[in-house]
Amino acid sequence: MKSVANDSLHQVASDMVLEDLVNAVLQENLLGIVERAAFVEQLPDAWVDAWGEVGSFDRSDAFAERYLVVTLGQRGILAMRVRPQRFLQQYKLSRLPIILVGEDGAQQLDPLQFMQELAQLASAEERAEVLPNLDGFLAELQDSVEHTALSLEAGERFRARASHSLLEMEQLSALRDRPFHPTARAKRGFSNEQYRAYSSEFGRAFELVWLALHRDYVQKGERAAAEIADFALTEQEKGRLYRAMEQKGLSAQEYLAIPVHPWQMEVVLPQVYAEEFKSGVLVELGVSTGRFVATSSLRALSREEGGDLHVKVPIGIYSLAALRILPLRYLHNAEQAQGVLQQVIEADPLLSNRLQLCDESQWWGFHNPEEDAFADKPGHLACLIRQYPARLLEDEQLQLLSMSSLAVFDRQGRMPALESVLAVRGGDMAAEALQLFGEIADFFIATVVQCFRYGMMPEVHGQNVVLSFRDGRVEGMLLRDHDTIRLYLPWLEREGFADPGYVVMPGTPNSLQNRSPEALISYFQTLGLQVNLYAIADAIARTYGVAEAKLWAEMRRAVESSLQQQLPADVKAVLEATLLQQATWPTRTLIAPLLRRVGSGGGSMPAGVGETANPLLEAGK
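Under this note's numbering, the first residue of the sequence shown carries the number 292, and numbering increases by one thereafter.
Please note that the accuracy of each hint is not assured.
[As the list claims (entries may be wrong)] Using C-beta positions, here's what the derived DEER-type ranges look like:
| hint | residue 1 | residue 2 | range |
| --- | --- | --- | --- |
| 1 | 710 | 806 | 40 to 50 Å |
| 2 | 799 | 872 | 52 to 62 Å |
| 3 | 595 | 336 | 36 to 46 Å |
| 4 | 872 | 806 | 14 to 24 Å |
| 5 | 355 | 638 | 13 to 23 Å |
Honestly, the hints are just simulated from the structure, not real lab data. Where is the CB? At the ideal position from N, CA and C, for every residue including glycine.
Just need the whole structure built from these sequences, with the hints factored in.
Have a look at this one:
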């Protein structure tokens, strides 16, 4: 595939994807690469020449660079430069390139070539068991390089921008997407022009297509209003919509006007809902109205002019190897979880003073009682209205930033979102960045720990958590996307709160209800600390040269401080043991689940669990 982005951006994109890919492979020890490898300090000059330099090693400390060398049989030898690590994994790529040395000399590898060569380590049995989706993963890597180049192209619009609105910082966060994930930016199903038209980074406005869905086939939230248009459209736009319904002979009593993404209408719905269109259950109105832009998520759309509402609609592309649909059970679970977590917040003085929730109780979707409710089809036609607390958006002195935006660093060596906060504080940038990171860690960890004491664990990766800042200091935390608030029921019920009654697909693992508090806290260890906070720490280390050990020390200090809160003895014991004392932590694996993926996954991102040395134990040394 020939890139339409310029060659320079495409090479940068390829390097970014390759770095994340190699580091993930090393962390997961995919196909036993670490055990199969030899680690040496010198290679033949002919090999070194492939890097365009002769002997360029930093041997200044115990974590000095070295060569990792793997024999690929007749294919040759794979070689790269790595550096031992104190935190999270044994080795990381220190710098590119990766080379393959064969009979014809040495060549530099791109992400697809690296993965293809690595697969040579697998036996026939391993290929069947571990790599059944190798071809699909290679295609996803290709898309990732292409779309990362487009993302870099879009990133130019954020340079020298004075605005730091929530919407603009949301779109900024898409430049990094899911940190450390080599295929995070791949939006499989989009052409390059569709990527430019609909992606978060480009921020282009488009109109939603409106259909009429017979109310006999509508399932909605317990508190959902009668009309979606009352939330999503202006009076003028609603007038246009309802006139179109009248012209079709449709009444609002019988039909619900429901918005769909224009890509979804063009590519997916005519096939998936062919029977419903034919029978009149679903009717095209010939109306596109309401101008929207993507936020940090392709599905969550904001009015072009902003406001306190997001309209969330399904879009049947693959992102993070998951179909971006809206299964109705997810919407139901989010509403139920929100209700219980809101009760917990109101009953707890610490939480009521610092934690707020977006309202996600307004939702509607297609439901045919004679069809499989757990199939992908209903998830292709649904809508959620996400309402932000109006007070937060009306306070002009308050700055709202998703935690994912705080982890973004650009090619000019800047962290735009973090620096928008640092600018208010003044002082030395590196020192203030470390100080601010410590304050963020304190606030975030203490808040999540207090949720944990009630047996509740929100999904606290960076895209779901919004922090509010006043005068450069953290003041509050806002949670959104409540469909994966996980529970340990014995602790929730002993505090007087009821089981929210989640709906889970039969035959699939129920990760929403956990059998032990240790299982529940694992989602904080992985998503909260290793993905969310560490992404910010990693960006600060890269941008300002702050030692990674200092940032992990801040996280450890914040955990220790959170244990000073009033906590039941068993809650405190679990936190101390799992976070500070155990030798190992669980970690999220990325590559192995993608290589094993078969089928659509029903909207769930493939993920596996590995093991890593406890970084907070290391930080305490």
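A quick look at each hint next to the structure:
About 43 Å separates the C-beta atoms of residue 710 and residue 806, a value consistent with the hinted range of 40 to 50 Å. A hinted range of 52 to 62 Å is violated for the C-beta pair residue 799 and residue 872, which are about 33 Å apart. Separated by about 59 Å at the C-beta atoms, residue 595 and residue 336 break the suggested range of 36 to 46 Å. At about 21 Å, the CB distance of residue 872 to residue 806 agrees with the hint of 14 to 24 Å.
Evaluation of the 13 to 23 Å hint for residue 355 and residue 638 yields a failure: the beta carbon distance comes to about 54 Å.
When each numbered hint is compared with the structure, violations occur for hints 2, 3, 5.
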